[in-house]
Amino acid sequence: GHWELWRAKSSLCLVLLAGVLVAISVTYCGHRYLGAYVSGAGIPCVEGIIVVGVALPALPVLFLCALEHSEWLFLRRVSPQAQLRYTPVVHKLAERLRRGMRQRCTPHMRA
Numbered sequence: 001g002h003w004e005l006w007r008a009k010s011s012l013c014l015v016l017l018a019g020v021l022v023a024i025s026v027t028y029c030g031h032r033y034l035g036a037y038v039s040g041a042g043i044p045c046v047e048g049i050i051v052v053g054v055a056l057p058a059l060p061v062l063f064l065c066a067l068e069h070s071e072w073l074f075l076r077r078v079s080p081q082a083q084l085r086y087t088p089v090v091h092k093l094a095e096r097l098r099r100g101m102r103q104r105c106t107p108h109m110r111a
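First residue of the sequence shown? That's 1 in this note's numbering, and the numbers climb one at a time after it.
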């Protein structure tokens with residue numbers, strides 16, 4: 001009833017707050033990281049590729065996955081009969097992982 005709705009709303013708000021905190025901390029760390037190289041000769045190529053090509057894009061993607069999952073939980077608690085029009089990425093990946101583990105753990109039948 002009332003507590004489930006409050007819990008669903010609070011979990012969604014906590015994920016949004018965590019997203020804001022992650023964005024602020026990434027900005028701060030990025031500023032410190034780049035500030036260290038301003039006075040130097042520049043950023044090493046491999047390090048720059050890892051930071052710009054992997055680390056920075058990974059953080060918003062992880063946040064969006066967490067947000068999708070919390071939205072799914074919110075909808076499940078508030079309106080159990082309703083469904084999202086899409087499957088959250090975390091759920092798709094978990095299902096693929098489960099299928100892969102089942103295939104590896106199941107002994108193959110020989111004819």
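It is worth saying that the hints were derived from the structure and are not from the lab.
Careful: at least some of the hints might be erroneous.
Claimed, not checked - Computed spacing ranges between beta-carbons, pair by pair:
#, residue 1, residue 2, range
1, CYS13, ALA36, 40 to 46 Å
2, ARG85, CYS45, 41 to 47 Å
3, GLN103, GLN81, 29 to 35 Å
4, VAL54, GLU4, 35 to 41 Å
Heads up, the beta-carbon is just placed ideally off N, CA and C, and yes, glycines get one too.
Could you check the hint for me, namely that VAL54 and GLU4 are 35 to 41 Å apart, CB to CB? With Cβ atoms ~39 Å apart, the hint holds.
Between GLN103 and GLN81, does the beta-carbon spacing fit 29 to 35 Å? 33 Å, holds
For the hint 40 to 46 Å, verify it against the beta carbon of CYS13 and that of ALA36. 35 Å, violated
Using the beta carbons of ARG85 and CYS45, state whether their distance is inside 41 to 47 Å or not. 42 Å, holds
Comparing the model with each numbered hint stated earlier shows that hint 1 is the single one that does not hold.
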